[in-house]
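**Q** Listed below are the residues making up each chain.
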Amino acid sequence: MTTTTTATTTRPTVATVWLDGCSGCHMSLMDLDERLITLAGLVDILHSPVVDPKEFPQSVDVTLVEGAVSSEEDLHKANVIRAHSKFVIALGDCAVTGNVPAMRNYWDRSDLFDRAYVENAQEPPTAEERKVILPLTVVPPLRPLATPLHEVIKVDLYLPGCPPPADAIWFVLTEFLAGRVPNAMSVSRFGK
Amino acid sequence: MKPEELMTMMEKARADTFEHELRVCTESGCMSLQSDVLQKALSDEVKRRGISDKVCVKGVGCMGLCCNGPLVKADKAMYQFVKPEHAPAIVEALATQPIKELLCDTQQPFFTRQKLVVREHFGIVDPENLMDCIAHGAYQALLKTVTTMTPPQVIQEISDSGLRGRGGAGFPTGLKWATVSKAGGTTKYVICNGDEGDPGAFMDRSVMEGDPHRVLEGMAIAAYAVGAENGVIYVRAEYPLAVKRLTKAINLARRHELIGHNIFGTKFSFNVELRLGAGAFVCGEETALIASVEGKRGVPRPRPPYPANYGLFGYPTLINNVETYANIAPIINKGAAWFAQIGTEKSKGTKIFALTGKIKNTGLIEVPMGIALRDIIYDIAGGIPDGKAFKAVQTGGPSGGCIPADLLDITVDYESLAKAGSIMGSGGMIVMDETSNMADVARFFMEFCMTESCGKCIPCRVGTYEMHELLDRICEKRGTPEDLQLLKDLCDMVKQTSLCGLGQSAPNPVLSTLRYFEQEYQNLIAEAQAARGQTTHADTSEHIELEVLP
Amino acid sequence: MSAVTSTTQSITLTIDDKAISCRSGETILQVARENNIDIPTLCYLEGLTVWGGCRLCMVEIAASPKLHAACATECTEGMTVRTTSPRLKQYRKMIVEMLFAERNHVCSVCVSNGHCELQNMATKLEIDHVRFPYRFPHLAVDNSHDYMRLDHNRCILCLRCVRVCGEIEGAHTKDVKGRGVLSAIIHDLDEPWGDSQTCTGCGKCVNVCPTGALTHRGTAVGEMTKKTEFLPYLTLMREVKL
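Protein chains in written order, with our numbering: chain A, 1 to 192; chain B, 1001 to 1550; chain C, 2001 to 2242.
Just so you know, these hints were derived from the structure itself, not from any lab.
None of these values were measured; they are calculated from a predicted model.
A portion of the hints provided could be inaccurate.
Stated by the list, open to error - Pulled from the structure, derived: some chain B residues nowhere near chain C, Cβ distances all over 12 Å:
(1) 1004
(2) 1179
(3) 1251
(4) 1299
(5) 1301
(6) 1305
(7) 1411
(8) 1455
(9) 1485
(10) 1496
Stated by the list, open to error - Here chain B is said to cover these stretches of chain C; the calculated rule only asks that three of the stretch's residues, wherever they fall, bring their Cβ under 8 Å from a Cβ of chain B:
(11) 2099 to 2106
(12) 2140 to 2148
(13) 2171 to 2184
(14) 2210 to 2224
What the hints assert, rightly or not - Cut-off 25 Å, straight-line C-alpha distance, at most; resulting in silico cross-link-like pairs (DMTMM-like, lysine to aspartate or glutamate):
(15) A:154 - B:1472
(16) C:2066 - B:1101
(17) B:1296 - B:1257
Glycine included, C-beta positions come from ideal geometry on N, C-alpha and C.
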């Protein structure tokens, strides 16, 4: 699919997305502190949990994705991101390895639901109540496994870390802006 | 036993002849179709008629055409699909004409194109009857060896014969013996590897069940040649009949002092014991087998040191396969030159194959090396049933590969098979017709390798799991082109870095099917792509280079 | 003092274009490390018998079509060894990636985070993601011992613990059950660690474990550090006695 760059701007566009993660990677992004202001002068941030648009833009140069792909909605988002982004960065261990969200993969979903909504309920729900309580209809259904982003879409760069340090994010972004492919492993690692 | 005694025994046993012989196959294949019940029915019938002095009913080794079993040889006639209720008619027919409905054509290519060396007494001798075996020449080669030959002469004879290991790799047997013979120390071991575990392979089982004395004799000759006094036969416990027959053979040979102290009055002593494997494929690998015999966990260790120098309990050890040992006695009896004229320049002698899969005649065959693969499949095995087309033949078990139709004219020898991307292996041949999907075949063998990996080295332990997982995705139409590339990379890595032969050869079924049938993998992936629509890895977005950024 | 037999000879060889001399009987790995040439390993540990299981130390030897495990290959006269190449790098990467895919190595919540040989290896080999499908097995944590813990989720089956327990401590409490990816470390006849009659509680297994699989209880994320310096010392002391 070809993409058309928005005519109003010649600056690179950036989006950040939060899938199944703790938002720690976005916190780390916030930890850029005053460098955020520098960044805002260099790029247009079109989409982000901290910008709050509803729709993912038609075309973005670089998208940073936090979190594992855990629900059907995550999968849908991932596909949209891929289709509308020139460059996708898996931001942080959840997007890179599955990390903590993937720790649910050792059990069946039904066991998880039982644990979360039945066993821990103050009063055990009746069979009728169970149908309503269990998150099977209204909220996006969980996929059988929470997976790293690259299991469902093509990822162009991996920045591991839990979360990746602000300096690492800064390094990767500035390298990009300078037209270089950064070596993320020089600034971060799994679990950092 | 003194040398004269063996001759006397032989003559006496040969004099004990009957007017008629009824030979019933009593190996595992026919036994599973109640050939033991059949044998009893025949004996009862002979007794009932009071002709026990004229008719001998005996159990014999495999006659090859397992798919038509149980097989019975009644004097010159061979009967197939025999049931216990046929017993009276069979005994009746001994005096008259053979029963037409049960006759098996012994002039068909399945029988006429074979060359029996290892299996020469199969279907003739009773493996549980030492006298019968001796009547047909058992232990004559051992007698000749220990009374007239020096150990270097024996090794020379085996080297001259050109015999190569029948376990799979085809290492020259004479060279192996010479290495163990040169190793220092007074304690040495010979081991017989009867841990046959390839899917679709039962050659060694048949040899152990059908002529156990020949295996013992070969081991004793090997022990004499390399200077060992102790032997171990390692058999998998899943072969209870082989275990029973070998145990009986060892006991009988011991009782008649054919093994034990000062064999034939010479200084040579040789003792054998039987060890049972608990059912791990990897224990067919020599260092893992040794660990298992020592009572340790059956995992391989890095070589060198090779068992020839550092083997069982740290002593020099000779390990050969069942079929290799079974080739020794004929070589000694008939000479290296006789053996060397069978086969090709580099692959001498015969090879036993277990024919299975989509062919008319399944069973065991022994053919001279160098026979064309086409002759085995279309002549001996009778081609593909139900009018289907031949697709591929898998040789060498999970370590082997698939050979496609356009290579059917290659000859069966170590070099040609390796060139075609497969191996001789221990002798399994699984024929597949057009209905088989080759990616699925690769998945089957990979599953075997995955469940049989011992877990010691990472490339084999996790690599076989990951290869299986990727094959599963492809076969279940969930695969992507990236999965296929990853599979190829994995095959290369596992082959190059695994510790033992099991891991190093685990990718072979994938590599050989990719070599000849990659289109089938591509088709499955294309179907997966189509089913998924356009939302896949590769085609969601063009990969746009970074230059768009300032 | 280690016994120097009369058969010991001096050998010259080349490792990564560097001319090196050593004694016969020394392995490529030993000689390379003595000469500050790094060959990655996970199952090897000085003081324990060579295992040859991780296959990270595979090297190329000139004129040999195969790769050789540096830990298990003795140096020979005139040998030319190459310890790194694009192919070897790729193989090593894949091996370590496979370890991450095999079990549940969640670095961020591991007591050994920051002090883990597997994690460091991934960084060293520049592994930024795992290409293989994750296995996500459901594995237990043996919390039965008073002050030590075995977390199968983080075990890479290097068997250092099994070897140190059998070879150095002499207890042979630990061994392996199962095969392939289903292999697992066990105590005695697969009993809870705390119930083991043979475990002396020496803790050597914890110290030699490269990951967070064997740890002291009561440690939080990143708090578990290990020492392996005692091993060559113990091995040496044992030789002196002999």
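**Q** What are the numbers of the hints the structure violates, in ascending order?
**A** 4, 5, 6, 8, 9, 10, 12, 14, 16, 17
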